[in-house]
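Protein chains: 6
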Amino acid sequence: MKRVVTFGELMLRLSPPGQDRLFQQPKLRTFFGGSEANVAASLAHFGIRSDYVTRVPQNAVGDAAVAAMRAEGVGTRGMLRGGDRLGIYFVEGGADVRALRVVYDRAGSAFATLDPADFDWDGLLGGADWLHLSGITPALGDGPARAAQDAVEHARRSGVRVSVDLNYRPALWTGRDPRPVTRALVGGCDLLIGNPGAVRAMLGVGPDAGPDAESDDALRASAEAIAADLGCRAVALTRREVITAGEHGWSTALFDPQTSTLHRSRRWQVKVVDRVGGGDSFAAALLHATLAGRAPADALEFATAASALKLTIPGDFNRVTADEVDALLQRTA
Amino acid sequence: MKRVVTFGELMLRLSPPGQDRLFQQPKLRTFFGGSEANVAASLAHFGIRSDYVTRVPQNAVGDAAVAAMRAEGVGTRGMLRGGDRLGIYFVEGGADVRALRVVYDRAGSAFATLDPADFDWDGLLGGADWLHLSGITPALGDGPARAAQDAVEHARRSGVRVSVDLNYRPALWTGRDPRPVTRALVGGCDLLIGNPGAVRAMLGVGPDAGPDAESDDALRASAEAIAADLGCRAVALTRREVITAGEHGWSTALFDPQTSTLHRSRRWQVKVVDRVGGGDSFAAALLHATLAGRAPADALEFATAASALKLTIPGDFNRVTADEVDALLQRTA
Amino acid sequence: MKRVVTFGELMLRLSPPGQDRLFQQPKLRTFFGGSEANVAASLAHFGIRSDYVTRVPQNAVGDAAVAAMRAEGVGTRGMLRGGDRLGIYFVEGGADVRALRVVYDRAGSAFATLDPADFDWDGLLGGADWLHLSGITPALGDGPARAAQDAVEHARRSGVRVSVDLNYRPALWTGRDPRPVTRALVGGCDLLIGNPGAVRAMLGVGPDAGPDAESDDALRASAEAIAADLGCRAVALTRREVITAGEHGWSTALFDPQTSTLHRSRRWQVKVVDRVGGGDSFAAALLHATLAGRAPADALEFATAASALKLTIPGDFNRVTADEVDALLQRTA
Amino acid sequence: MKRVVTFGELMLRLSPPGQDRLFQQPKLRTFFGGSEANVAASLAHFGIRSDYVTRVPQNAVGDAAVAAMRAEGVGTRGMLRGGDRLGIYFVEGGADVRALRVVYDRAGSAFATLDPADFDWDGLLGGADWLHLSGITPALGDGPARAAQDAVEHARRSGVRVSVDLNYRPALWTGRDPRPVTRALVGGCDLLIGNPGAVRAMLGVGPDAGPDAESDDALRASAEAIAADLGCRAVALTRREVITAGEHGWSTALFDPQTSTLHRSRRWQVKVVDRVGGGDSFAAALLHATLAGRAPADALEFATAASALKLTIPGDFNRVTADEVDALLQRTA
Amino acid sequence: MKRVVTFGELMLRLSPPGQDRLFQQPKLRTFFGGSEANVAASLAHFGIRSDYVTRVPQNAVGDAAVAAMRAEGVGTRGMLRGGDRLGIYFVEGGADVRALRVVYDRAGSAFATLDPADFDWDGLLGGADWLHLSGITPALGDGPARAAQDAVEHARRSGVRVSVDLNYRPALWTGRDPRPVTRALVGGCDLLIGNPGAVRAMLGVGPDAGPDAESDDALRASAEAIAADLGCRAVALTRREVITAGEHGWSTALFDPQTSTLHRSRRWQVKVVDRVGGGDSFAAALLHATLAGRAPADALEFATAASALKLTIPGDFNRVTADEVDALLQRTA
Amino acid sequence: MKRVVTFGELMLRLSPPGQDRLFQQPKLRTFFGGSEANVAASLAHFGIRSDYVTRVPQNAVGDAAVAAMRAEGVGTRGMLRGGDRLGIYFVEGGADVRALRVVYDRAGSAFATLDPADFDWDGLLGGADWLHLSGITPALGDGPARAAQDAVEHARRSGVRVSVDLNYRPALWTGRDPRPVTRALVGGCDLLIGNPGAVRAMLGVGPDAGPDAESDDALRASAEAIAADLGCRAVALTRREVITAGEHGWSTALFDPQTSTLHRSRRWQVKVVDRVGGGDSFAAALLHATLAGRAPADALEFATAASALKLTIPGDFNRVTADEVDALLQRTA
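Chains as they are written, first to last, in my numbering: chain A, 1 to 333; chain B, 1 to 333; chain C, 1 to 333; chain D, 1 to 333; chain E, 1 to 333; chain F, 1 to 333.
Okay, chain A solo, but in the shape it has when bound (with noise of 0.2 Å):
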């Protein structure tokens, strides 16, 4: 069984019932959540041993955040315990034309304040096939850019395969340029994870947003410059289309500089019942269809119907076999 450790920040997710604004009543359902948890819960869904790396309180709510990822099947030895607070980010998913609104209360979370030294990157990705980090991580305060940049550096090292998912989210990089510290942690990885826009923002390569921004061409420039320009082994671009809060559109690419081919997924149209992790489920379902060696025009498929899959599934995980993906496969082929 392959194993695939992921690295970053896990928080609270608060949201309404129903279709309810936020404290329309006096209830809240939990969710717990973040870029790279969801990717290592989706990994274990789909059989994978995965293996989540964070930094959580020794409190109430930090335990039902090892709980949680434990019911999911990760593996949670990684998850240390220490720091002030869990981050919460209260999510209103809004309905049709009412679009969806996050509160974030993310500040002086136990993550944010790491200390990189506590992290014993030997012991924790000894065995490993696979490192997944995302780019919030870097974003986060000095002690998780400098972690992250350990784990990657220590994985090269060893022979752990890296991707990273850039997840751009500008309101962290207010005031700073992302560009330095991204480029750094993405340097000669084995995927590397976007839409075009982030990859301009924060590797400042591939062309500027612009009316032809999802022509191949345009996909092609992108995933050549960063292959050539950072060394990465293979690009995926992803396109979320919000028709409405309650419809998207979701299409992907994938590019291989080694035979400079250019695939691109159907595009699916997707009734969203809970949008938050939608990239992290093609990011886990790409690595997991990558390990089980698929084809890379299989494995996008396969990645991009899995996270059509998770716009249906309420939470940040994705709840579904690889054989659940493949049926819908099969049913709509």
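Hints were generated in silico from the structure; no laboratory data involved. The structure displayed is predicted, hence computed values, not measured ones. It cannot be assumed that every hint is accurate.
[Claimed, not checked] Mimicking DSSO-like on lysine-lysine, the simulated pairs with C-alpha atoms at most 27 Å apart in a straight line are:
#1 E:K2 - B:K27
#2 E:K271 - E:K2
#3 D:K271 - D:K27
#4 B:K27 - F:K2
#5 D:K27 - E:K27
#6 A:K271 - B:K27
[Said to hold, decoys possible] Chain A is nowhere near these chain B residues, computed Cβ spacing over 10 Å in every case:
#7 K2
#8 R29
#9 R179
#10 A184
#11 P211
#12 A221
#13 G249
#14 L262
Just so you know, even glycine gets a beta-carbon here, dropped at the ideal spot from N, CA and C.
Assemble chains B, C, D, E and F onto chain A, guided by the hints.
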């Protein structure tokens, strides 16, 4: 007031809240349902006096099953008490590209282990106008098969009309040929309901599925074969198109062997709230409209609209009045 | 800050959870609502100082009614206490082909039995910029009709602008001619809101409904008739197309008698979460935009978009800010 | 199987969840209840054939009321349909030092406005063994009072035994003297149930309340006065001690005029889950035990234990079997 | 109508449903609370005009906080908007031998980071009769401490009476001596509330805890020391006995330095529904009774009974009227 | 870290909300539980490495069962997948005089139909310190009985200590003598847990129940007989007094055959939230305390307090830490 008797298995349905996956929250909503119970409940809402014959255990689950049928206005004198358990099925409704998921746990049920001798068909069918069964019952065991055959034979002897809804469930027939027992049950019935695939598999007549399976000619061929070979006096053919878990097409046809007329209903495309019991609601409404003396084409439109409504109602039962069905037909005329 | 006063009946709304039929589960969600209360609540969310005048009983239901308005930020000094009961309405939202179902239980309410002499319009309207009423109030009894007329007359004397939303409810006018009392209320108002059918039925002017009822010419004819015959200074006409219980079209028009200009809004097609209060949210947003000095065409688009948003929000109140409405307009420009 | 008919008003009860105050959350739980409906439901759980006679509106609330009674196993043929509304009462259960709070909204109900001529007592009481009423009905209006008197007179003529539970509600008698109408209803009954205060207020006999009101002598004096003055063949006296909202004492006595024997039950002290319907459950259980031929002392213990159980069950109905009552008596012997 | 102003931090409280442990189900109930907010809410229920001064963020959480206070009838003009987050506390109520568990997540709150210069005490206290604060505020940071001191000084200059509830929370004072800042705040106040332990720890006066800590002599010694040393005009001492998580004893004393009288209340033993806010409800009720001119002994009994009632109400606020408190006193006299 | 392995059947528990009767609302809360699973979960909360061995079906119910154990921190490598169904039990908690009601539906479960050859006890027990079983397992069928015996024999050969909790369930032994198979399982164990009645019925030793059954002498006689006759190295005897459904007494004793000492715990009287799993929580805590090297008297007090805490926690698992147990002991010392 007309009186209809239905006979079959009642089960406890357990479903997660909202659009959750099963056990995503530690909460299940309970429903009771079963093909023939659903028909009985729908008929009661139409103002028909309907009695339901089955067997449920003598415990709190069986008590609740009886209370559930009573609440709908169904006569429960024929709900015998005994056996070890009520069959259970877990239903996860799915959402858009995520398909419905059902886990059956029905082995060893009070119904499957019934003794046909316990059913006093003289008393149960006395004064009835109609007996309705489904093709599920004979698949559940020798006892149910025998009891169903007894009921049909008694009905014929007493001038009670008989309808059978094929309700083909391949999983129940694994390793057995459904044709002999189903043909015996169906032979000479007043109304047979099924889809062309079920007709082929359970009765061994009609064309195989193919690109033209839904053409007038194919439907007519199927219906004529049933009428000719099995002596059924009317044949209703249904078509469910599962566009997604949340959207279905639904249309039907009715064949009158006497006049060799094939009526086809309008096609409904419905945002599905709960698909379980859709076919049963069609059967119930067709019985109601027939007993109420509506002309075949009108009866078919009524029944098809009734089942379109069912798809919008949580649970297995079609809790709509005839007035509501007629109002829908008028609104959308 | 501008100040608007609204006057009308507040009711307790009881709705089943999710897409259930009424009483399918032993649970009801409570809302408070009423045409003019909805306007007041929406105005408060837009940052307008709004005061609501009504009469609710001196018991726990009345207390909750006051608290509900206060929670929205509405001034409740004008909510008189007395009478026997708060009117109730049961609302089952329906789903797709299953239509909305409403059961009214409003007879004998505190509002219907009010004594017009209890309302000190001098105090209640002092310092106000605008008074808003609906055509429901005069239908509820002689007391409410008298009080509404008093309010309008007082407003005119004091230079407070007046708007009336016709809100035609045929069931409330059974056996009575709505025209005399409505015309008296409406005459000379600053803004009249209605749809062409209501205009015809309650004011006796404008073209009858017909195939061209929504043409520019027909709308203009309706609006001009109101302006000419009743001296209203502006006329807004609304159009709700009930495609299904879950999907509505919504578009509006605004006529300016001074310039004889007819502005027509874009048409929204919305997946409906809760249709109750849609018209009221339009009225509120049009008042807000007018008081904020937006040009008629802009005000109309703002108001129409605001009510599109309302359709996505559970309950009678439009809990959106002006920023959210503007953001929607920008997103969909 | 014995058959009991009860006649009285059914209401919709709305209660907040858990120990909340009314409207603290926007959620209400629905129950249906009413003194005589509660008796009918409890009898059905005891296996008695019970029929309930009342009047409920022809709308979704009335439909739910009928379904609720049917679900309990009560015969609903006598539930006439008509009138404007079902009476409502809001019940906040209280907790410990916080007392129960009830808000009534029952004016103008379908029952209060019934026409006594609509009740065919010949048909309704045909084959019945017992008729049960309460002293609430005559307080609700002339129609109900007349209908109750008709029922009693018809029962006497037909040899159907009659019981009346006084159920003294001072608020319903404001400005009227309950004695004439109650005495007429009660005269010659087979079983009268009440507490000494109600006896004094509604029948005008028995000692006034005082320090010794619960002594054997006082109870005997009360019961003897009823027997002598009103010709009742048995008298049951109940005593509820409200220690807190969450803990009640409950004890009863039964007087047999023939033998002049006063039986007193054991005293139960119960942690209260729902106090509504406690007295009704006593009446039902006493009827059941009497019809089952239990000796007076046994019947009294059975009935008192049954009502102790009721206090632990949410809702107005006592959903317990006779076996459960007997098991409690054995467990605590 | 009297007017009271309170000043302090408002927090979001999150609690699991029923008697669950935190996160045992993925559901939390939301409340808003804080010592001084609780006092303001309770006063509003007593019919006092109360205004609450605090600082909450400009986001959906802050909006909900304002709406929550408004719903209780509290004036919210003094709820400034700004800062990053609202403090949160997770409360698991416990049950019997399982103790209450609280997880605080309040660092970096809008209130803790307030700028004292933003509070216009002239405007906020204009026309007020009373200012109430707690000893929590100075522990939250220099800004809050300064603002509290400003408020007190302004109140004294303007003839507004001042009360302080010590509310000793050792965890907030770790590493700091609470005495200097608390003594400055308290000096010369009109009413000081605390328990003997808090008095000793925060003011440095009164006897140490010991076996006789609750004797008249000890209480009197504590109170006299406060009066003498700090110049407080009245001292109320409270005693909570935590028998289990579900049962508390509650009793209080009031000392009048002028007459050197020590009044002691009756002792309540209450089944606890929600203990949070118990002390605050006492403070509010004592203020109310004092402002209403009740004699000290009566005021003390009123306040103690009010807080007994609070313990039966979910949430931090004491949603009871003065009539309800008086009714309890009468019922249990 | 110590490692404990437990082996037994896991079931799905379904319970109504709050204090409802089963199916009073159409809602059930789900729990997973089973005597040995409960022990494993409790041990995990105490920080022990615990692994659970069982067999659950390969479907969504089985997946949820595994996730539930994982969430508690239990090792699930030994949870084999196969068989048709997971056993179910419906639990209605009762309230005060209304007793707990349980409906079992466990026939034909994956566990009951296991093949003992599928369990690789070498692998499962490798490195374990302790094996825990209950007397339920051999009652469930020949396969489970054989597997339990295999496990015990393997443990003895490998130096793994063994404990058995008798858990006498007469209904499971109907028509069979529990003694031979239980004695074989228990013989030579390191710790036997039971109550005197179970000891007598399942092992055939010790005094019969009688008025002195709980005297030191009787307990000692029971324990000595077990030690002498079956060679057990320690014997724990438990006593549950069911005062009402909502209040239990709980006390225990521990006998050390080496020193012939009988330790008796303090007696707890607890307001019960959920009684299921109380005995299992005692077993788990006694194992933990023993493995942690606590002296017998201390271990017994710890274990008894732990199970007192369990009675306050919804569900079958004792979600408390050792710190919480110790804190309770200190609070109540």
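Original post:
Quick check: which numbered hints come out false for this structure?
Top reply: 1, 2 and 4
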